[in-house]
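> Residue numbers (my numbering), protein chains in the order written: chain E, 1 to 449; chain S, 1001 to 1449; chain D, 2001 to 2449.
Simulated from the structure, these hints should not be mistaken for laboratory data. There's no promise every hint is true.
Said to hold, decoys possible - Some chain S residues close to chain E (C-beta under 10 Å, calculated; not the full set):
1. Phe1049
2. Phe1051
3. Gly1055
4. Val1056
5. Gly1064
6. Leu1082
7. Ala1092
8. Ile1115
9. Phe1119
10. Leu1124
11. Ala1130
12. Met1150
13. Pro1171
14. Ile1230
15. Ala1236
16. Leu1249
Even glycine gets a Cβ: it sits at the ideal position worked out from N, Cα and C.
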Amino acid sequence: MWGRHVKLMKFFSLIAVTVSALLLPDLGMAQGADVTPGNDEIGYILTTFMFIVTGVLVFWMAAGFAMLEAGLVRSKNVAMQLTKNMALFALAAILYYAVGYNLMYPGDGWSIDGILGAFSTAKLEPVGLAGVETDLTYASVGADFFFQLMFAAATASIVSGALAERIKLWPFLAFVLVLVALIYPIQASWKWGGGFLDGMGFLDFAGSTVVHSVGGWAALTGAIILGPRIGKYNKAGKTVPIPGSNLTLATLGTFILWMGWFGFNGGSQLYMDTAGNVADISRILANTNTAAAGGAIAALVLTQLLYKKPDLTMVLNGALAGLVSITAEPLTPTLGAATLIGAVGGVLVVFAVPLLDRFRIDDVVGAIPVHLFAGIWGTLAVVLTNPDAMLLVQIKSILIVGGFVIVTSGVLWLLLKAIVGLRVDEETEINGLDMSELGMEAYPEFHRG
Amino acid sequence: MWGRHVKLMKFFSLIAVTVSALLLPDLGMAQGADVTPGNDEIGYILTTFMFIVTGVLVFWMAAGFAMLEAGLVRSKNVAMQLTKNMALFALAAILYYAVGYNLMYPGDGWSIDGILGAFSTAKLEPVGLAGVETDLTYASVGADFFFQLMFAAATASIVSGALAERIKLWPFLAFVLVLVALIYPIQASWKWGGGFLDGMGFLDFAGSTVVHSVGGWAALTGAIILGPRIGKYNKAGKTVPIPGSNLTLATLGTFILWMGWFGFNGGSQLYMDTAGNVADISRILANTNTAAAGGAIAALVLTQLLYKKPDLTMVLNGALAGLVSITAEPLTPTLGAATLIGAVGGVLVVFAVPLLDRFRIDDVVGAIPVHLFAGIWGTLAVVLTNPDAMLLVQIKSILIVGGFVIVTSGVLWLLLKAIVGLRVDEETEINGLDMSELGMEAYPEFHRG
Amino acid sequence: MWGRHVKLMKFFSLIAVTVSALLLPDLGMAQGADVTPGNDEIGYILTTFMFIVTGVLVFWMAAGFAMLEAGLVRSKNVAMQLTKNMALFALAAILYYAVGYNLMYPGDGWSIDGILGAFSTAKLEPVGLAGVETDLTYASVGADFFFQLMFAAATASIVSGALAERIKLWPFLAFVLVLVALIYPIQASWKWGGGFLDGMGFLDFAGSTVVHSVGGWAALTGAIILGPRIGKYNKAGKTVPIPGSNLTLATLGTFILWMGWFGFNGGSQLYMDTAGNVADISRILANTNTAAAGGAIAALVLTQLLYKKPDLTMVLNGALAGLVSITAEPLTPTLGAATLIGAVGGVLVVFAVPLLDRFRIDDVVGAIPVHLFAGIWGTLAVVLTNPDAMLLVQIKSILIVGGFVIVTSGVLWLLLKAIVGLRVDEETEINGLDMSELGMEAYPEFHRG
């Protein structure tokens, strides 16, 4: 209500300033001119700063993925897993600038309307916004770019965990390059760039489908084409557990991801210029937190009941699945509903991990259950709390995005396999990628058991 | 001063808007309506966002406790310690929603006036604040809930470290459940919910007593009832040092806690809507930082003098004790006074750790010296810099809170001991809880010495 | 433009308030008086909060340095390296308060005009800004102090890594004391305190020279005077690689530093009170991120080309060198230019590490290539994108700061060497500093290979 008054005040002050410019040579109030933001600038400042803070939190998820994955692979592959994570983030940063950003947010510049965005590099606003007519109704381009870039990188991080311990570095990075430059931004433009899925009424607040399932599908096609690690499934057809080398780091990684998710979901509100928007961000954070808690507790209780012993890695993946589940709609659920949505995600993970093994799909860190299965569940669950969601549209969108990613990533994996090969040779895999591919170890002083 | 003018501007613009509604059909300024926050919304947005940022920082302390404790236990108990930390946080999140929040902040709904709050689940404001008359003088309920939840979880984290390496998982989690749902919020309501301790004039800015000593008392009763670890005190009555397995992680945990404390103390200012409030938050951060530094340096110098060798774990606990010490009053001290208050905390820890051992109270990570002893010191030290503090009231409040927690937690520990047993059997303790209770190890590939 | 209108509105409301004070006894709008910040307070609140958030991020870099260094030393020296990092930060916090801050920012109180600042302890504004005329055009003193303190600590952190595994704890801390109290703030006052380098037109946005090269020069003089570790260069004159004990922690440290750098460079904008300023902070973050990415990718590709195997530690140092390179001017470059500036930093590191070895300068973590060489490059690179930069002034300033730090730190190292000795004895070095100097190990349970 006051918003309108403020605009009127502006109108009257516009008259006043015209009058005063004629009549009053100097009001003696010129000092500190640039410390009082104009009223219409405040919303812009607040929203932009919100993107800066939440963008830094989503950046932090890159470290979370690195620690989670380094903790869940065997020590002989840790240095390689770290190299992949550091390199994929750096590559994503550059590629999203060079291609991804404008492909995802073409504005009026679609190459094919609603389907294929613009091909051009990202451009920031000039220093100090000098010389441009700035639209103050949103946020600075720099902050938006910074925030969105982190989502592209997160998508790539999901893939690296699933394919650990056997994929070669450079083919993996080639895949990341195409994923971040083309596959991710094209399908993301369909929803977040205002493309055809958005037009259909598809709802995906922070990316259960647009980010997590995309990473998950790419991981799934990769895991199938790459095949399981040597020794993961024995001749009797049984699954041999291969425990991670450092569960402390895996736990740290989970806490980092949980923290970063506050930025991931909270920043996706996209505005912090009104009381309603900041209250919504608060709701989102509270719901995101409780969904993670629900997922963790569900996995804890369920593994106790099923296996008579709680399973820490399942608890970690349960928390992450809770986070993925709430990502499609962190705003509308009540706290109780958010807890349950997250808990279902945690349950899914406990059942999905052995299910994948039955199909001999070897996903080293559980990325497919966490990001793909819980991502689908979260996208469907939107209809439970958001009256604007349409179940058929949600399903259709999941299938369209899934189909697109399966085909494009599948072709890409197969191409890379045919041209340069995806997988290290058997000896390298058995000895560990670290010594063979990098010539260094993550923990050179510690004997392995 | 300008605050009043702004209100007057609103008054005049109210007249203006009425007039213009009659006279001017369209001023052509309707675009971007919701990007200019009304002036009375700005304080609400700023305070709410402050809670969001500081709440995320306090969340991060959960990871800090997990790393500190994982680093200070032996490797055979690390996975269990991680499981406890992850599970206790998740449990706290759900229980504080289900019971704790309204018990702690009953508003007008006290069950027993000033003593026992309301029994109901937490409710967030509606999406977009739609359809409610929102009080814009504070912050969104979601942000307040999110921030306060983290304090409840921190209280539980304190307990887990002291009782590590011998307590069973499920009885521990049962204790956490009651601590977070009842014990913590009931006593916290006495001060922060506006209960009888607040009425007495008790001062505890961010919780040296309300949070840290509560965790400390619960840890103390637990450590006494549980008894020391096998081998901690030998037959000659001497203390056998049991070094932590990973001091890098313990140091990382300390840095994380230090960082999180900026949110813990800074956010407890509760408002960021004026220049005075944000300047106070700055004071609090500067003082919090220097108190931690004082505690660390005091422990470093003192261990060098006493033992001829500096002791890293004492330096870490010294920093943490400095942080706990300044928590009851981080605002009024000068930087010099804050440094000294923190330094006394660091000194306390160096003397308290062997003191506990003399009583054969086995506190694995030093949680009781850090959180209880320094918490009491900090609560008393309020009188040194805040003229509103009354020494007798501070002492009385420490005793009331202490008595309440000793009795309730003591009864609870004894009940759990009688009904399900608190302690793992001797063989499990010797072999480590990880293999026996979880069937997994944190570092499966590394030989133990 | 609206900024002026707002000031006019104030003028009119000033008239209005005077009139209304005479005519209207009570407008019934007094409630919630302190939730509507006066318009001139908003800029102050926003800028202060920006310093709080970015200051916490720069604090976090202390943990980053600790993890990076702990990961890159051998396990027998890890506990000592952690002790040094924790102690140096605590010491920096206290010394910067006691001496450094006013020496660096003397305002009108220069001891020698433009050359030597004021000798007095830092004083914060009173609680609630009560009783003082506050200049609302900048930020609270507390927030500024908190932010600037972290830069002083970062300078000291740079030194500790280069000299690891052989320098004694207390002489190192004595050096840190003088560095943080005198050397760093004196030269920093020349630029950031408004001293003679600033007057010359020297440009160094966030401290490629003022912070990073200063740490780098102090590390270089220290490394030369201290000499290399035993066994680093064999009798044949060849360099023997000494791998770090934990690359996961080194990677974590790099991610932490990368994250903290958003605060380091972003906060150095110094204002967040207008749309232009917050848009600039966004630019800075986007550029900082892409420069790190450029450095990492350059090092990855270059080590693959040169050595046929990518080198993870080079990738980490490449990212850090990219960050140092962009620090002197993170605002004016385009995203493309920032990527290239960072990439050159990454290339520099790959060539500088073996170069230092040729001179038998043993820099354990690569601090000198990263902070000194890339710092110089970054300072020169300002001229490429900022038309206000003058190449000769940049060179002159690099030389002046370098000369000052080389002389003062060199004298200090030599004095400490002469009086107390800098280096542990040979036996201690071979056995590791942890057991000899601290009597504890970082990883006591793990056999060393």
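> Against this structure, judge whether each hint is valid.
Going through the hints against the structure:
1. Phe1049: holds (6 Å)
2. Phe1051: With Cβ-Cβ at 7 Å, under 10 Å, it holds.
3. Gly1055: Nearest chain E Cβ about 7 Å off; hint holds.
4. Val1056: Holds, because the Cβ-Cβ distance from S/Val1056 to chain E comes to roughly 5 Å (cut-off 10 Å).
5. Gly1064: holds (9 Å)
6. Leu1082: With Cβ-Cβ at 4 Å, under 10 Å, it holds.
7. Ala1092: holds (8 Å)
8. Ile1115: violated (26 Å)
9. Phe1119: Because about 16 Å separates S/Phe1119 from the closest Cβ in chain E, which is outside the 10 Å limit, the hint is violated.
10. Leu1124: holds (5 Å)
11. Ala1130: holds (7 Å)
12. Met1150: holds (9 Å)
13. Pro1171: violated (13 Å)
14. Ile1230: violated (22 Å)
15. Ala1236: Where the cut-off is 10 Å and the nearest Cβ of chain E is about 34 Å from S/Ala1236, the hint is violated.
16. Leu1249: Constraint on S/Leu1249 satisfied, holds at 6 Å.
Hint check: violations occur at hints 8, 9, 13, 14 and 15; the rest are consistent with the structure.
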